Every structure is written in C-alpha cells, then in structure tokens.
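Chains as they are written, first to last, in the working numbering: chain A, 33 to 442; chain B, 12 to 327.
It is worth saying that the hints were derived from the structure and are not from the lab. None of these values were measured; they are calculated from a predicted model. Take these hints with a grain of salt, some might be off.
Chain B side only, calculated, beta carbon under 10 Å to chain A, not exhaustive [claimed, not checked]:
#: 1; residue: Phe69
#: 2; residue: Phe108
#: 3; residue: Ile200
#: 4; residue: Leu246
#: 5; residue: Asp292
Counterexamples of contact, computed for chain B against chain A with all Cβ distances above 10 Å [to be verified]:
#: 6; residue: Leu47
#: 7; residue: Leu75
#: 8; residue: Glu148
#: 9; residue: Leu258
#: 10; residue: Leu261
#: 11; residue: Val271
#: 12; residue: Val282
C-beta atoms are modelled at their ideal positions from N, C-alpha and C, and glycine is treated no differently.
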Amino acid sequence: MLLLKKSSIWIAFLIALVTLPQLFDSILAVSILNQMTIAIVFALSYNMLLGQGGMLSFGHAVYFGLGGFLSVHALLLIEYETMVFSILWIPLIGGLFGLLAGLFIGSFSTHKAGTVFAMISLGIGELIAASSLIFSSFFGGEAGISGDRTFGPLFFGIDFAQNLEIYYLAAFWVFLATLFMYLFTQTPAGRMANAVRDNPERAEFIGYSARRVRFISFCAAGMFAGIAGGLFALNYEFITEENLNAATSGRVLLMAYIGGLGYFIGPIIGAVVLTLMNSLLSNYSELWMLYLGIMFLLTVMFLPRGFAGFIMMHQVAWVRGNMKMLIKPYTLTGVPAALFALCTIALIEMSHTEEEVFHFLGLELNTASSATWIITTVIAAAAFYAVRKSLHQLSEAWDTANAIPKEERA
Amino acid sequence: MLEVLIFATLNGLVTGFLLFMLASGLTLIFSMMGVLNFAHASFYMLGAYAAYSLSLYFGFWTGLIFAPLIVGALGAVVERYGLRRVHQSGHVAELVFTFGLAFLIEEAVQFFWGRDTKNYQTPELLDFALFTLLGQEFSAYRGFMIAISIGIFIALYYVLTKSRVGIIIQAAITHPQTVANLGHNVPLIFMGVFGVGTALAGLAGVIAGPVLTTFPGMATVLGSIVFVIVVIGGLGSLAGAFIASLLIGLLQSYAIASDVGMPDLLNLLGVSFDRSHPLNDLWTISLPQIAPLLPFLLLVLVLIFRPTGLMGKREE
C-alpha cells in the first residue's frame, strides 16, 4: 500500500509524459514538449548541485554543452558508419562525457562550497566557452557542428525522423533520469549532500569528507546535464558554442531558482514555466526577456523559495482545512495586482511599438493620443494603491488560516 | 620592438586603471556585505549610456559629472529596496539577485537605447595626440583616462584611511554592531558605500564608453574580468585589487601585442606536427588568440592553489 502511494506520483508523471503529445499534437506543441523534456533534466541536474548540495555554479552549461557536442560527434560516427548503434543510446554517451568532465573538473573545484566554488565554476565556464571558439575542428567554431539523427539502425521500424518519435525517445530518458535523480536524493550520498550543504563542519565530525560528498553530487550533476545535452543534440541535430556559454548557465540557474530550489519538483515547474514563456511569449512580444528579468527579480525578492515554495507554503492551511479563508483575500489582492501588471505591460509595450494603434488583449490602444497614456497610468496607479491597501487584510487572513487552534495549544 | 613594448605597457596601464575603478567598488561592497555584486559591470554600462544621452544635449563634461551621480543614486535605491530585503534569505539569494539584476539591466538598456552601438565620442578638447613616440601617437584622451583613474585611486585611499568617514566605514566592515552601538546608522553607511561603489563603476563607464564602444554587451565583456580581478587580488582587499587590475591589464595587453605562439615553442623544442594531426588547432595556436582566456586561467589557478588571492586575509 505504501509502495503504491509512493509510486502513484511516478505513474502520474509517466502517464502525463505519454499522453501530453496526444492532447497537444500540433507541430509547435510537440516542439515545445521536446524543449521541456530537455529543460527538465537540465534544471533537475542543476538542482542536484545548488538545491541539494549547496554549490552555486555559474558554469553548469559546460557539462550540458560538452555532452551535446559529444552526442553530435556520435551522430556523425553513425552517419559515416565508423560505428553503428541505435541513436537511442546517444543521451547515454552525452551523460558519460558529462560524467567524465565532472570527474575531472570536480577533482579540483569541490574543495570548498560558497564563493570559491562559484568563482571556479565561472572561470571554468568562461575558459571552456572561449576555448571552444579556438578549437574549431572539434567544436566547429561559431557555426557549431551538426549531424543527422536518421542514419542509425531502425528501432522497431522507427527511424526517428519525426519530432514526435524523438519526443518519445526523450520522454523515456527523462523518466529514467528523473527517477534516478529522485532516488539519488534518497541514498546516503544524497542525504549527506544535504547535510554538507547545511553544515559541512558537523558532517565532517561524524566522519564524512565534505569534499568527497560534494564531489559525488558534482559528478552526478555533470552526468545528468550531459544526458540533457545528448537530448538537445538529438532534438536539434546541431549544437554551438552558445549551448555551453555563460548565457545557458544563467538560464538554468533562472529555471531552477524560479521553480524553487529546495524542492525536488521545483526545477520541473521552473523548466515547464520558462519553456512555455520562451516559446509562447516570444511570439507576442520581443520584450519577453525584459519581463523574464523582472519576474526573476520579483521571485528572488518576494518568493525566495520559488513557485514550489509558494505552493508548499499553503500546506498548513490545507491540512487545517482553512484554504477557503484565503480565497477572498487572495482575490482582493490578486485582481488589482494582475491589473497593475497588465497596465504596466501595456505601458511598456506602447512605448516600444512604432505602430499608431497597439493591439493588446483585444483592445485597440491609440499610442498617439495622450489620453491613452494617462488613462493607463491612472489605472496602474490605482491598482497599485489597491494592492498596497489590501496587503494588510491578506496578511491578517494568512495569520488566522495558519493559526494553531486553541485546543491544540499546550 | 621597443615601441611595441612601450605602447603595450601604456595600453595595459589604461585598461588596468580602468579595471581598478570597477574592481575598487566591487571589492569595497564585498567587504561590507559579503556579497559579490554580479551587476557591478551593468552599472558601468549604465554610466556609459547615461553619459552618452547627457552628452547629446549638454556635452561630454556634464555627462562626466552627472552620469556617475545618477548611477550612484540608482545603486543606492537598488541596495535600499532590493538587496536589503533579499539579505534575509541568505548569501546565495543575494548573489542570485545581483545576477538577475545584471540580466534585467542588460534588457532594460536594450529597451531604452536599442540594440545598436552608440556613437559616443571623446570630447573635442581632448582630441589630439598627447605625444608621438617612435612614429606612434598616444591620444590625450587615454592620458586623461589614466589621470582620472589615478586621481580616484588617491582620493579613495585618502578617504578610506585618513578621513573620519573612512574610519567609520572600515569599522563598520569588521564590527557593524559596535559601530551601531556608537550611534552610527550602519544600514545608511552600507547604502552609501553601495552607492559610491556603483557611482565609481558608472564613472568608469563614462570614460571608457568612447574608447571601448558603447553597446549593450559591454557589461558582459568586462563583467567576468572584474570578478577575476577581485578574486585574484583577494576578496575585500583594495591593494590586492589594485595590483591585480594592473596585472591583468598588462598581461592582456602584452599577450595581444605579442606575436609568439605554439609554432615558435614547437620550433624551439624541435618538434613538428603534420597539418592533419587531430590536435592541429592546439599546435597552431598563438598568444594573441588566447589573450582573452588568460585571466580565467589565472583565476582557476589562483583559486586552486591560493584561494585567498594575492592579498586576501586568511579564512577563519
């Protein structure tokens, strides 16, 4: 019974992975799903470092990129028939190389956590990104290298030419990788990673080498990042320097942090949300990176534990059956907050657009008339004022919903 | 040969002093708050852009004075309403906050000023050759850059070690609670130091903008190098930052000016490789090619063998 309860969430995850492309079967949807699978594995591997192990890395894309480059080279090997194997195993090659890179780099970078580790990871990241442009016979210079995934032997008659076929291949690896990353958190190595994160000194007193514990997490994180890189190589069939430079390292940090670092599911949420934003929002606005930056800063400031942390905050109220108490205050704050956000976005977009009539949520805003500007600004200001005013009742309601009932007090 | 050496030295000094203006603020902020400000180079970029906009209407000199003030005020606001709040969530959150801020500032700069390179020019007043040496000119503006940087270094050193404000700041770094008990407003001091540090970065941007071009990627170009300097010099050490800035500036300048490379080394060793050798890229590499790599190589080596940096204090 306990086993069933424990595995139910995994069965749900598996069902979601299998049925999602059936529910959303457009070409765009499948390509977004493919990006999501890659992002999930990558963000989870980052969480192994920062969330579980307390190592803030600014160069995690190195393992992703190196895994990806090796995978494209493996595709080329298959293409030229130097070696013949099914492309099903490509992510494993990426993972293996990520692990090797982790073993090498981890051997000298895991002495310390904290700032020293962060700086080494930054230095290594810049070093490898810069040298990838110099060693162009392996990395292909600025253009990168490309392969073709259809040359491998057929897998039960499938040649993986379609994106949907690659999705199922990726889904298989995502499920395995996620499962293993979860199981890793339950092993002694995973538990000790948490201990070393929280207090390396105490962990050493009970006989564990903090460095060794970090090293194990580091190598595992490198391996899973490499698997994500392999999935990337299979999906796009090319890889460039951009995939191992600081921008990619930053993006994975964003994903994991916005999702919520302390929770296993956090990076998954972050990966899904950011991939959706990336692919959907970029169609509507060229300023989406600006919004992403604003959202990221607001998350760090007001939801330090990310989206997952925000959801988990409600656990007490949920258990006590007090969620109903929060509906009204949330609406009172949430509606003006949403209004304020929309008005701000409208103002930003209006000042950016060059067209005279700006279409926004079905409205036609005339950017030439000052009345539009004044009205939008006034609504934004009023909404902001309403948010400020309503915060008080929200925090009061929050306290009552989370209060310990009288009979339980000792 | 000699003029190459002299000009490489001069250019190295210009870069080194410029880097020091950035690194000094960064290292001061680090010693106060214990957080490395990832957005420091972004304030440098803001300085360049603000000065560019001001120079369009009021000329270069107004930009030189007011742009750093604007940037410093912005920095103080960021500290007061952003960092101070995030401080409660710990160091990682602070680092991540400044990281996000750097990201946001880059996007905001593109939003306000566009993606193209701005035509930010040196003032006409300094548009002449300061001296001509062995047929090469050294522009007066570069001399002006060195003069400003040295001036800032001396002023900073004097204020921090000799003035009353400097002594209170130094005390607040090591003993914030005692300083607070003596009746000083420590959070205000923190805000002030953050503001002054970012203003210095802004000033560096103002004077570097015309030479190193003003474009949205200028923060990324210098951002990690400044980090390298602060770490190599020893976190929190102003003297270390000074030495490391000049070291990196000269190192890069010499590497770019040199014309040696792997082929020369191989010749010296009497080894040669075929063009079709798989490591051909490695055997044909030249020193100017890897010049941008050197600071990071140095960073990794320093962190492995001497994590406290050149002048850093021993860790407790």
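Do the hints match the structure? See the list:
About 24 Å separates the beta-carbon of phenylalanine 69(B) from the nearest beta-carbon of chain A, more than 10 Å, and the hint is not met. A distance limit of 10 Å between C-beta atoms decides the matter here; for phenylalanine 108(B) the minimum to chain A is near 5 Å, and the interface restraint holds. Taking 10 Å as the C-beta cut-off, the interface hint given for isoleucine 200(B) is violated, the closest approach to chain A being about 23 Å. A least Cβ separation of about 7 Å between leucine 246(B) and chain A falls short of the 10 Å threshold, and the interface hint therefore holds.
Because the smallest distance between the Cβ of aspartate 292(B) and any Cβ of chain A comes to about 4 Å, under 10 Å, the interface hint for this residue holds. In this structure leucine 47(B) is not separated from chain A by more than 10 Å, as the shortest Cβ-Cβ distance comes to only about 7 Å. Taking the minimum C-beta to C-beta distance to chain A, about 28 Å, the non-interface status of leucine 75(B) holds against the 10 Å cut. Residue-level check passed: glutamate 148(B) sits 31 Å from the nearest beta carbon of chain A, beyond 10 Å.
The beta carbon of leucine 258(B) is kept farther than 10 Å from every beta carbon of chain A, the shortest such distance being approximately 16 Å. Distance check for leucine 261(B) against chain A: the nearest CB is about 20 Å away, which clears 10 Å, and the non-interface claim stands. Residue placement check: valine 271(B) keeps its beta carbon more than 10 Å from all beta carbons of chain A (closest about 16 Å). For valine 282(B), the condition that its CB be more than 10 Å from all CB atoms of chain A holds, with the nearest at approximately 19 Å.
In summary, the structure is inconsistent with hints 1, 3, 6 from the numbered list given earlier, while agreeing with the others.
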